[in-house]
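**Q** What follows is each chain in one-letter form.
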Amino acid sequence: AQSVTQPDIHITVSEGASLELRCNYSYGATPYLFWYVQSPGQGLQLLLKYFSGDTLVQGIKGFEAEFKRSQSSFNLRKPSVHWSDAAEYFCAVGADTGFQKLVFGTGTRLLVSP
Amino acid sequence: DAGVTQSPTHLIKTRGQQVTLRCSPKSGHDTVSWYQQALGQGPQFIFQYYEEEERQRGNFPDRFSGHQFPNYSSELNVNALLLGDSALYLCASSQTSGTYNEQFFGPGTRLTVL
Chain A
152 AQSVTQPDIH
162 ITVSEGASLE
172 LRCNYSYGAT
182 PYLFWYVQSP
192 GQGLQLLLKY
202 FSGDTLVQGI
212 KGFEAEFKRS
222 QSSFNLRKPS
232 VHWSDAAEYF
242 CAVGADTGFQ
252 KLVFGTGTRL
262 LVSP
Chain B
122 DAGVTQSPTH
132 LIKTRGQQVT
142 LRCSPKSGHD
152 TVSWYQQALG
162 QGPQFIFQYY
172 EEEERQRGNF
182 PDRFSGHQFP
192 NYSSELNVNA
202 LLLGDSALYL
212 CASSQTSGTY
222 NEQFFGPGTR
232 LTVL
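Just so you know, the sequences run in chain order A and B. Count along the first sequence from 1, add 151, and you get the number used in the numbering used here. Count along the second sequence from 1, add 121, and you get the number used in the numbering used here.
For reference, chain A alone in the conformation it holds in the complex (with noise of 0.2 Å):
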């Protein structure tokens, strides 16, 4: 069975910084990967998703994320942070079952200082 891990609970960064969210998934196949977002009691927001091909894919707001095979990770990255990208972010996986039953992890909430 599929599974994703997001170790890191809370993560601060400063406004302009750079930004990178951790992922690890666990699936035998070829992964479905997608990176949501989740503002305060507001439902998903699709940032990006990777099927197949290049393994650096961009997303949308300024977001991109790169597949890495062989280290099972989906990290997110954004090179200079906005304070409205304040949010709760998730990393999900799909299964190649025709189902598209997505498995989420537990969540990242990021926090922007000023």
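A hint or two may mislead.
Here are the computed lysine-lysine pairs in the DSS-like style, where the Cα-Cα straight-line distance is at most 25 Å [as the list claims (entries may be wrong)]: (1) A:K200 <-> B:K147; (2) A:K219 <-> A:K200; (3) A:K200 <-> A:K212; (4) B:K134 <-> A:K212.
A few chain B positions that, by computed beta-carbon distances, are all more than 12 Å from chain A [to be verified]: (5) Q127; (6) P129; (7) I133; (8) R136; (9) G137; (10) Q139; (11) E173; (12) S186; (13) H188; (14) F190; (15) S194; (16) G205; (17) C212; (18) V234.
Keep in mind that the hints were calculated from the coordinates and are not lab data. For every residue, glycine included, the Cβ atom is placed at its ideal position computed from N, Cα and C.
Take the given structure of chain A and dock chain B to it, following the hints.
**A** Chain B only, in chain A's frame:
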């Protein structure tokens, strides 16, 4: 396109009661998945409906049931509510096809059980 819509936004129930949550999928989507997100946790897959049938189910008791209508909208029913059922319930829609398709999430229904 209104995207995925859910109703109601908030709901307060007491233990032992029953509740019904509703979801309308994004236009063109035929598959609806339900997730439970407890406070401070990532979403957990409850079940998925396609062609008016439950196609896959997560590790949730039979108190959780659902339905999909011919117009692809869906309901989530929870019987004999427990305090632990308090959570944000997210609906996600997608289109079943030969390749993996991303899920679009609604804003959620916040259920509080007293």
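**Q** With reference to the structure, classify each hint as holding or not holding.
**A** Status of the hints after comparison with the structure:
At roughly 19 Å between alpha-carbon atoms, K200 of chain A and K147 of chain B fall within 25 Å of each other, so this suggested pair holds. A distance of roughly 14 Å separates the Cα atoms of K219 of chain A and K200 of chain A; the hinted pair therefore holds under the 25 Å criterion. For a cut-off of 25 Å, the pair hint linking K200 of chain A to K212 of chain A stands: about 14 Å separates their Cα positions. Simply put, K134 of chain B and K212 of chain A have alpha-carbon atoms about 38 Å apart, too far for the 25 Å limit, and the pair is violated.
Non-interface call for Q127 of chain B relative to chain A: violated, since the shortest CB-CB distance, roughly 8 Å, does not exceed 12 Å. Look at P129 of chain B: its CB is around 14 Å from the nearest CB on chain A, clear of 12 Å, so calling it non-interface holds up. Distance check on I133 of chain B: its Cβ is at least 16 Å (rounded) from any Cβ of chain A, clearing the 12 Å threshold; non-interface status holds. Distance check for R136 of chain B against chain A: the nearest CB is about 24 Å away, which clears 12 Å, and the non-interface claim stands.
Distance to chain A confirms G137 of chain B as a non-interface residue, since its nearest Cβ pair spans about 27 Å, more than 12 Å. Once the 12 Å rule is applied to beta carbons, Q139 of chain B is consistent with being away from chain A; the minimum gap is 24 Å. Distance to chain A confirms E173 of chain B as a non-interface residue, since its nearest Cβ pair spans about 16 Å, more than 12 Å. Every CB of chain A lies more than 12 Å from the CB of S186 of chain B, the least distance being 18 Å, so the non-interface label holds.
No Cβ of chain A approaches the Cβ of H188 of chain B within 12 Å, the least distance being about 18 Å, so the stated non-interface status holds. With a cut of 12 Å on Cβ distances, F190 of chain B stays outside the contact zone with chain A, its closest approach being about 20 Å. No beta-carbon of chain A is positioned within 12 Å of the beta-carbon of S194 of chain B; the least distance is around 17 Å. With a cut of 12 Å on Cβ distances, G205 of chain B stays outside the contact zone with chain A, its closest approach being about 17 Å.
The claim that C212 of chain B is not at the interface with chain A is violated, since a C-beta of that chain comes within 12 Å of its own (minimum 9 Å). Residue-level check passed: V234 of chain B sits 18 Å from the nearest beta carbon of chain A, beyond 12 Å.
Violated hints, listed in ascending order, are 4, 5 and 17; each of the other numbered hints is respected by the structure.
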